[in-house]
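Here's the letter readout for the chains.
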Amino acid sequence: ALFFFFLLKPETAAVLKRTVEALMERGAVVRNLENLGERSLPYKISRHKERHRRGGYFLIDLEGPPSIVSTMMDHLGRDIDVIRRTFIKHPVSKTEECSGIIPVNYEDKLIAKK
Amino acid sequence: MAARAAWRRLVPATPWQRPRRLQHEGRPGRPDQPIQMENPYKEPPKKCVLCGINVDYKNVQLLSQFVSPHTGCIYGRHITGLCNKKQKEITKAIKRAHVFGFMPVMFKNPSFLTDPKICNIKYPE
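Top line first, the protein sequences correspond to chains A and B. Sequential numbering from 1 applies to the first sequence in my numbering. Sequential numbering from 1 applies to the second sequence in my numbering.
Hints are computed from structural coordinates only; laboratory data are not their basis. There could be a bad hint or two in this list.
Each computed DSS-like pair below joins lysine-lysine, with the alpha-carbon atoms no more than 30 Å apart [what the hints assert, rightly or not]:
hint, chain 1, residue 1, chain 2, residue 2
1, A, K89, B, K42
2, A, K49, B, K95
3, B, K58, A, K44
4, B, K42, B, K95
5, B, K47, B, K117
6, B, K42, B, K92
7, B, K88, B, K42
8, B, K42, B, K108
9, B, K117, B, K92
10, A, K109, B, K117
11, B, K46, A, K44
12, B, K108, A, K49
13, B, K58, A, K109
14, A, K89, B, K122
Start from the sequences and build out the full structure, keeping to the hints where you can.
So this is what it looks like as structure tokens:
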């Protein structure tokens with residue numbers, strides 16, 4: 001499962017450390033931590049009574065039991081520095097079998113559906 | 001009754017067959033008849049623009065090419081010209097990017113406005 005969130009500036013290192021420690025406490029194995037850079041958000045996000053315009057994006061690659069998800073979302077909801085938190089399943093990329101557009105025979109489709 | 005007996009003799013015993021010389025099907029050992037094979041001039045199936053490219057919710061530039069610059073709505077299949085699979089993947093990735101805060105929702109990111117045009121959309125002048 002992937003985990004992704006963005007947050008505000010200077011205490012970035014401390015926040016990351018906190019998050020990773022919390023994850024490891026619940027029994028997740030952190031595989032990779034990527035920084036997708038700091039950029040201005042596509043739209044203003046209000047979180048914890050503040051309107052944010054810029055944020056740093058971080059992506060944490062982790063493996064763990066699915067029961068972590070709700071507890072972590074809770075935990076991060078309470079963290080002021082985290083603006084948005086999301087969990088995704090690890091994307092399985094298999095694009096080598098794309099065989100192109102096969103022309104569909106609409107007549108057969110119509111007639112065969114009895 | 002005698003007429004019916006005469007009739008039976010006129011009808012042949014075996015059904016009529018075309019003479020051997022004029023028969024064209026089911027004749028083994030004739031090399032100059034056409035051999036059944038797949039069409040050798042068949043073209044390879046047409047590929048859509050993204051055939052073979054991995055679609056990710058993170059590369060906003062690729063996703064923005066299928067979004068309208070004025071309203072930010074996702075173009076339909078008749079405009080983008082993608083195959084079923086890829087269109088679905090792109091739609092899901094765009095919606096994800098909206099939620100995760102990668103891509104703006106109501107418009108197209110201004111830095112991507114000069115990207116090459118993939119979709120065949122005609123804007124009213």
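Where does the structure disagree with the numbered hints, that is, which hint numbers, in rising order?
Of the numbered hints given earlier, those the structure breaks are 1, 4, 6, 8, 10, 11, 13, 14, listed in rising order.
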